[in-house]
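One letter stands for each residue in the lines below.
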Amino acid sequence: MSNQQKYITITHYKEREFYFLNYAIQTNDGFISKEIEQFHESEKEKFIERIKSLQREFPNNQVVSISLVANQSIHQERDRNRASAEIFSNNFVIQDKIDVGSIPTTLYFSPFAILYQQYKGGLTDELKLLIGYFDRKLFMMFATSDKIHQSWIIGTRGLTEKQIAERVYKSMQAYYKISYNFADHLDMLVSDESPKLLKVLREELSLHIELTQNSIHNLLHDMASSDEKVKNSYIKTLKKIESIREIAESKMGNKQDEFKRQHILDEKLDDIKLVNDEKKGILETVKGLFSSSPSEEGSFMTRSLTSTLPILAVFAMGGFFHLQNEDISNKLSIKDSQIVAQHTNLALAKISDNVFLAMGKNAELKKAILSTKKIDIKGIVWGIEPLKNSLNEVYANGKFDIKPLENFMTEFTFKSK
Amino acid sequence: MNKIKNISLMSKVWFVIALLILLLWVIPTMVSFYKKQKIYDKKVQELQVLDKREGVHSEAKNFHIGLFKKDAQRYFSSVEVNSIANNAYEVEMLMEKSQIQVFNAFLKKISLDYAVALEDNLLFKEVNDSMSVKMVLKPY
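Chains as they are written, first to last, in this note's numbering: chain A, -3 to 413; chain B, 910 to 1049.
These are computed hints drawn from the structure, not numbers from a lab. All values reported here derive from a predicted model rather than from experimental measurement. Think of the CB as a built atom: it goes at the ideal place given N, C-alpha and C, for glycine as much as any other residue. Hints are not guaranteed to be accurate.
Stated by the list, open to error - Below, in silico cross-link-like pairs of lysine-lysine (DSS-like), each with a Cα-Cα straight-line distance of 25 Å or less:
(1) A/Lys40 <-> A/Lys133
(2) A/Lys362 <-> A/Lys384
(3) B/Lys1006 <-> A/Lys331
(4) A/Lys357 <-> A/Lys395
(5) A/Lys357 <-> B/Lys1034
(6) B/Lys1047 <-> A/Lys363
(7) A/Lys116 <-> A/Lys227
(8) B/Lys944 <-> A/Lys327
(9) A/Lys399 <-> B/Lys1034
(10) A/Lys413 <-> B/Lys1034
(11) B/Lys951 <-> A/Lys331
(12) A/Lys370 <-> B/Lys921
(13) A/Lys357 <-> B/Lys1043
(14) B/Lys961 <-> B/Lys1006
(15) A/Lys370 <-> B/Lys951
(16) A/Lys362 <-> B/Lys1006
(17) A/Lys413 <-> A/Lys346
(18) A/Lys395 <-> A/Lys413
(19) A/Lys362 <-> A/Lys374
Said to hold, decoys possible - According to the in silico footprint, chain A covers these stretches of chain B (three or more CB under 8 Å from chain A):
(20) 943 to 957
(21) 975 to 983
(22) 989 to 1001
(23) 1005 to 1014
(24) 1034 to 1045
Stated by the list, open to error - To give an idea of the interface, some chain A residues facing chain B are shown, with a C-beta separation under 7 Å as derived from the structure:
(25) Met313
(26) Asn358
(27) Lys362
(28) Ala364
Sequences are here, hints too, so could you generate the full structure?
Structure follows, in structure tokens:
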């Protein structure tokens, strides 16, 4: 069988500053695992290139990884806004988002899903505590055959084995307080051998503990070996693993159909691949910046709406102040005009008042032009000197003239300078 | 910090745009509004000082010939208002010579009662022992 027909599972995960990579050939009798490769985080590009080269070498593949984040938990309902994986019937493991970055990944499992797959055969009506110890974290869940009741994750970094055991016991006590049910059985799955922890746990909890030790790679190869387990992945796939094999096998030996078979495989795999960097052009890269991963499509509309909320709020606030600003500008302009007009009116009223007061009983007005800049008045005068003095008091150095009239009256004119 | 990292790029882009709009448009508009609001309050106070009316002080109404005439006729025997060029009105009022003080008081409140400015020019003329005053009003 050529490489192209083999179904392989490529597994990877990051622990501390290292990426660990492995691949296994899946057969009907189980998987045949190859050597584990290790890359420092500074060699990330090399690590990704290695995955891609394996994908090129074995087109019929799944790239499998494990989510080791601490914010995942088990719920009774699926959360469409977050990444979720169905563990069984009404139990879903949920975390905020799938964050595998640029590392190709087609299946992504929670330690809770792995734990369930490992121990589901042994679950009964009695409450059992299942613990997975991965990446210095304890993934704990209380389960019976029909339900996962509660989950917890405890970080153990910097703690002694005794402190870890105490925390496990406290979790059991805490669960007893909410459910009045105590787990009398404990199954533990560890990725690294830790005999001391097991010893302390046994002493501290006084429980019989079934321990299984297996590497994360082997657990992941196992999870990707059948459809039944694959559906526990955070990354949803419609593709049937068996059908890939069938397609590949049915086309075997027919060299003329080689290209077609390759095309079918690629199409089938494309819909479950998170990232296909090989064929990514600049346009796709830019488009990728503005798109979501397939697993997040369900919540795309919600997230789009949510992400545009700040800009809508800013526009609403800006619009409000813009209108208020326009309004106050208009009001201010009206007030300015009113103040200027009122100043003029008051000045004119004062001038009018002064002129008529100055004339008093010494003269009678016939015609006058009054403005704030100058005055020009004409009338009949009876007391020439008093009128002249009064007007000069108001408008110093004004031009005062008199003219005798035929009817023995005297006309006066006064112009301000 | 992790939460910020987990926010999608699209959301981050929207957030940056929103922040830019906030800094470049919203905040300057807001500052301008509050500055103008302060100036407006000062102007209102300034006008209150200039307001010599007695009783209830109402806001200036838009100028309307009929309304103005009716108002002025309460004080003067004859009031004529004619529309002239440049959206202005020529007003001629006839009064007893003894009513000059009433006219001066009327002058002091025209621009407080109506949104009009008086042209800086009054023409007084004796007509049959009465006094005619002509002036030009321009709404603003």
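Verification of the supplied hints:
Between A/Lys40 and A/Lys133, the direct Cα distance comes to roughly 24 Å. Compliance with the 25 Å bound is thereby established for this hinted pair. Our distance criterion of 25 Å between C-alpha atoms is met by A/Lys362 and A/Lys384, whose separation comes to about 17 Å. This hinted pair does not check out: B/Lys1006 and A/Lys331 have alpha carbons roughly 34 Å apart, beyond 25 Å. Between the alpha carbons of A/Lys357 and A/Lys395 the distance comes to roughly 20 Å, so the proposed pair stays at or under 25 Å and holds.
As the CA atoms of A/Lys357 and B/Lys1034 are separated by approximately 18 Å, the hinted pair is consistent with the 25 Å bound. Restraint check for B/Lys1047 and A/Lys363: the C-alpha separation of about 24 Å stays at or below 25 Å, so the hint holds. Restraint check for A/Lys116 and A/Lys227: the C-alpha separation of about 15 Å stays at or below 25 Å, so the hint holds. Restraint check for B/Lys944 and A/Lys327: satisfied, since their Cα atoms lie roughly 13 Å apart, inside the 25 Å limit.
This hinted pair checks out: A/Lys399 and B/Lys1034 have alpha carbons roughly 19 Å apart, not beyond 25 Å. At roughly 22 Å between alpha-carbon atoms, A/Lys413 and B/Lys1034 fall within 25 Å of each other, so this suggested pair holds. Distance hint between B/Lys951 and A/Lys331 is fulfilled; the C-alpha atoms sit about 10 Å from each other, no more than 25 Å. Under the criterion of a C-alpha separation no larger than 25 Å, the hint pairing A/Lys370 with B/Lys921 is inconsistent with the structure, at around 68 Å.
Using a Cα cut-off of 25 Å, the hinted pair A/Lys357 and B/Lys1043 holds, with the two alpha carbons roughly 24 Å apart. For the proposed pair B/Lys961 and B/Lys1006, the alpha carbon gap of about 23 Å is at most 25 Å, so the pair holds. The straight-line distance between the Cα atoms of A/Lys370 and B/Lys951 is roughly 31 Å, outside the 25 Å bound, and the hint therefore fails. As the CA atoms of A/Lys362 and B/Lys1006 are separated by approximately 11 Å, the hinted pair is consistent with the 25 Å bound.
Proximity of A/Lys413 to A/Lys346 is assessed by CA-CA distance (about 18 Å); at most 25 Å being required, the pair is judged to hold. Between A/Lys395 and A/Lys413, the direct Cα distance comes to roughly 7 Å. Compliance with the 25 Å bound is thereby established for this hinted pair. Proximity of A/Lys362 to A/Lys374 is assessed by CA-CA distance (about 6 Å); at most 25 Å being required, the pair is judged to hold. With 8 residues bearing a CB less than 8 Å from a CB of chain A, the region 943 to 957 of chain B meets the requirement of three and the coverage assertion stands.
Requiring three or more residues with a Cβ within less than 8 Å of a Cβ of chain A, the coverage given for the region 975 to 983 of chain B is violated, as only 0 such residues are present. Here's how the region 989 to 1001 of chain B fares: 0 of its residues keep a CB closer than 8 Å to some CB of chain A, so the rule of at least three is not met and the hint is violated. Only residues whose C-beta sits within less than 8 Å of a C-beta in chain A count toward coverage, and the region 1005 to 1014 of chain B has 6 of them, enough to reach three; the restraint holds. Requiring three or more residues with a Cβ within less than 8 Å of a Cβ of chain A, the coverage given for the region 1034 to 1045 of chain B holds, as 3 such residues are present.
At a threshold of 7 Å, the smallest CB-CB gap from A/Met313 to chain B is about 5 Å, leaving the interface hint in force. For the restraint placing A/Asn358 at the interface with chain B, the shortest Cβ-Cβ distance is roughly 15 Å, beyond the 7 Å limit, so the hint is violated. With a cut of 7 Å, the hint placing A/Lys362 at the interface with chain B holds, because the nearest CB-to-CB distance is about 5 Å. Given hint, A/Ala364 at the interface with chain B, holds; its Cβ is 4 Å from that chain's nearest Cβ, closer than 7 Å.
Consistency note: the structure conflicts with the earlier hints numbered 3, 12, 15, 21, 22, 26.
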